[in-house]
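In case you want the letters, here they are:
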Amino acid sequence: RKEVEQDPGPFNVPEGATVAFNCTYSNSASQSFFWYRQDCRKEPKLLMSVYSSGNEDGRFTAQLNRASQYISLLIRDSKLSDSATYLCVVTGTGRRALTFGSGTRLQVQP
Amino acid sequence: ETGVTQTPRHLVMGMTNKKSLKCEQHLGHNAMYWYKQSAKKPLELMFVYNFKEQTENNSVPSRFSPECPNSSHLFLHLHTLQPEDSALYLCASSQVWDVNNEQFFGPGTRLTVL
Numbered sequence: 010r011k012e013v014e015q016d017p018g019p020f021n022v023p024e025g026a027t028v029a030f031n032c033t034y035s036n037s038a039s040q041s042f043f044w045y046r047q048d049c050r051k052e053p054k055l056l057m058s059v060y061s062s063g064n065e066d067g068r069f070t071a072q073l074n075r076a077s078q079y080i081s082l083l084i085r086d087s088k089l090s091d092s093a094t095y096l097c098v099v100t101g102t103g104r105r106a107l108t109f110g111s112g113t114r115l116q117v118q119p
Numbered sequence: 019e020t021g022v023t024q025t026p027r028h029l030v031m032g033m034t035n036k037k038s039l040k041c042e043q044h045l046g047h048n049a050m051y052w053y054k055q056s057a058k059k060p061l062e063l064m065f066v067y068n069f070k071e072q073t074e075n076n077s078v079p080s081r082f083s084p085e086c087p088n089s090s091h092l093f094l095h096l097h098t099l100q101p102e103d104s105a106l107y108l109c110a111s112s113q114v115w116d117v118n119n120e121q122f123f124g125p126g127t128r129l130t131v132l
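Protein sequences appear in the order of chains F and W.
Residues 10 to 119 (this note's numbering) make up the first sequence, in order.
Residues 19 to 132 (this note's numbering) make up the second sequence, in order.
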């Protein structure tokens, strides 16, 4: 089983749609969780951290379910500029190591 | 504009060549990282340097040799690579080596080994 699993997509959605991505992780000892965004042929950039109580940043909402070992990212009112690959990231075996998922590709269409 | 720069952006090399990748960060950070990103595979952490000391070597083959002369510069020396080493090599930095510190990535070097 992969340490971090994501549906690769692509998710093709129209502008204005709401879309949700899930990510499961295998290490029950993971303590920190993040979503990174990677545009085509660009470097990853931190989108948001994921907190136990869930957190929101504008149109983006992140949730954590420790019991089921998954995190989610919800994007409301999708924009064309949201088209990118979204990487789920959790702490790995060592507390300081990050483990990346392969990413979920989102394509927002006009 | 990213505070982490990498050169070269593209590199094509033969299996017998020796080349080096360079990374420089202008953010005043103390931790620097090398990652490998292959097509359709997740980013893989290769090396971590914290305050110029190598603190993580993620079972990377010896044909990859990192060097960190100071907190702002990181090199990855390459020799006798294999075609399967072709990938995007990303450098990143953070304030210190801690998962709660945001990592800032450079644009990467796209390496092709013939």
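Everything labelled a hint here was simulated from the structure, so no lab data went into it.
For clarity, every value in this text was computed on a predicted model and none was experimentally measured.
We put the CB at the ideal spot given by N, CA and C, even for glycine.
Hints are supplied without guarantee of correctness; some may be wrong.
[To be verified] Calculated pairs, DSS-like style, for lysine-lysine (alpha carbon to alpha carbon, straight line, at most 27 Å):
| # | chain 1 | residue 1 | chain 2 | residue 2 |
| --- | --- | --- | --- | --- |
| 1 | W | Lys40 | F | Lys88 |
| 2 | W | Lys58 | F | Lys11 |
| 3 | F | Lys11 | W | Lys40 |
| 4 | F | Lys88 | W | Lys58 |
| 5 | W | Lys36 | W | Lys54 |
| 6 | W | Lys70 | W | Lys36 |
| 7 | W | Lys59 | F | Lys54 |
| 8 | W | Lys40 | W | Lys58 |
| 9 | F | Lys88 | F | Lys54 |
| 10 | W | Lys59 | W | Lys40 |
| 11 | W | Lys59 | W | Lys36 |
| 12 | W | Lys40 | W | Lys70 |
| 13 | W | Lys59 | W | Lys37 |
| 14 | W | Lys37 | W | Lys70 |
| 15 | W | Lys59 | F | Lys51 |
| 16 | W | Lys36 | F | Lys54 |
| 17 | W | Lys58 | W | Lys37 |
| 18 | W | Lys58 | W | Lys70 |
| 19 | F | Lys11 | W | Lys36 |
| 20 | F | Lys54 | W | Lys58 |
| 21 | F | Lys88 | W | Lys37 |
| 22 | F | Lys11 | F | Lys51 |
| 23 | F | Lys11 | W | Lys37 |
| 24 | W | Lys40 | F | Lys51 |
| 25 | W | Lys54 | W | Lys70 |
| 26 | F | Lys11 | F | Lys54 |
| 27 | F | Lys88 | F | Lys51 |
| 28 | W | Lys40 | W | Lys54 |
| 29 | W | Lys70 | F | Lys11 |
| 30 | W | Lys54 | F | Lys51 |
| 31 | F | Lys54 | W | Lys70 |
[To be verified] Label pairs and their calculated CB-CB ranges:
| # | chain 1 | residue 1 | chain 2 | residue 2 | range |
| --- | --- | --- | --- | --- | --- |
| 32 | F | Ser90 | W | Thr73 | 17 to 25 Å |
| 33 | W | His44 | F | Asn31 | 33 to 41 Å |
| 34 | F | Pro17 | W | Pro101 | 19 to 27 Å |
| 35 | F | Thr27 | W | Glu71 | 27 to 35 Å |
| 36 | W | Thr34 | F | Gly25 | 37 to 45 Å |
| 37 | W | Thr34 | F | Pro119 | 25 to 33 Å |
| 38 | W | Phe69 | F | Arg50 | 44 to 52 Å |
Outcome of the hint check:
1. Lys40(W) <-> Lys88(F): violated (35 Å)
2. Lys58(W) <-> Lys11(F): holds (14 Å)
3. Lys11(F) <-> Lys40(W): Measuring from Cα to Cα gives roughly 31 Å; hence the hint is violated.
4. Lys88(F) <-> Lys58(W): At roughly 25 Å apart (the allowed maximum being 27 Å), lysine 58(W) and lysine 88(F) satisfy the hint.
5. Lys36(W) <-> Lys54(W): holds (18 Å)
6. Lys70(W) <-> Lys36(W): holds (23 Å)
7. Lys59(W) <-> Lys54(F): holds (17 Å)
8. Lys40(W) <-> Lys58(W): holds (25 Å)
9. Lys88(F) <-> Lys54(F): Judged against 27 Å, a Cα distance of about 18 Å means the pair holds.
10. Lys59(W) <-> Lys40(W): Status holds; Cα separation ~23 Å.
11. Lys59(W) <-> Lys36(W): holds (26 Å)
12. Lys40(W) <-> Lys70(W): Within the cut-off at roughly 15 Å; holds.
13. Lys59(W) <-> Lys37(W): holds (24 Å)
14. Lys37(W) <-> Lys70(W): holds (21 Å)
15. Lys59(W) <-> Lys51(F): Holds, because 15 Å separates the two Cα atoms, which is no more than 27 Å.
16. Lys36(W) <-> Lys54(F): Judged against 27 Å, a Cα distance of about 31 Å means the pair is violated.
17. Lys58(W) <-> Lys37(W): Roughly 25 Å separates the two Cα atoms, so the pair holds.
18. Lys58(W) <-> Lys70(W): Status violated; Cα separation ~31 Å.
19. Lys11(F) <-> Lys36(W): violated (33 Å)
20. Lys54(F) <-> Lys58(W): Roughly 18 Å between the alpha carbons, so the hint for lysine 54(F) and lysine 58(W) holds.
21. Lys88(F) <-> Lys37(W): violated (41 Å)
22. Lys11(F) <-> Lys51(F): Roughly 24 Å between the alpha carbons, so the hint for lysine 11(F) and lysine 51(F) holds.
23. Lys11(F) <-> Lys37(W): violated (33 Å)
24. Lys40(W) <-> Lys51(F): At roughly 17 Å apart (the allowed maximum being 27 Å), lysine 51(F) and lysine 40(W) satisfy the hint.
25. Lys54(W) <-> Lys70(W): holds (20 Å)
26. Lys11(F) <-> Lys54(F): holds (22 Å)
27. Lys88(F) <-> Lys51(F): holds (19 Å)
28. Lys40(W) <-> Lys54(W): holds (14 Å)
29. Lys70(W) <-> Lys11(F): violated (31 Å)
30. Lys54(W) <-> Lys51(F): With a Cα-Cα distance of about 14 Å, the restraint between lysine 54(W) and lysine 51(F) holds, given a limit of 27 Å.
31. Lys54(F) <-> Lys70(W): holds (24 Å)
32. Ser90(F) <-> Thr73(W): 17 to 25 Å: 37 Å Cβ-Cβ, so the 17 to 25 Å window is violated.
33. His44(W) <-> Asn31(F): 33 to 41 Å: Hint holds: Cβ distance 36 Å, inside 33 to 41 Å.
34. Pro17(F) <-> Pro101(W): 19 to 27 Å: holds (24 Å)
35. Thr27(F) <-> Glu71(W): 27 to 35 Å: violated (46 Å)
36. Thr34(W) <-> Gly25(F): 37 to 45 Å: violated (54 Å)
37. Thr34(W) <-> Pro119(F): 25 to 33 Å: violated (49 Å)
38. Phe69(W) <-> Arg50(F): 44 to 52 Å: violated (32 Å)
Hints 1, 3, 16, 18, 19, 21, 23, 29, 32, 35, 36, 37, 38, counting from the list given before, are not met by this structure.
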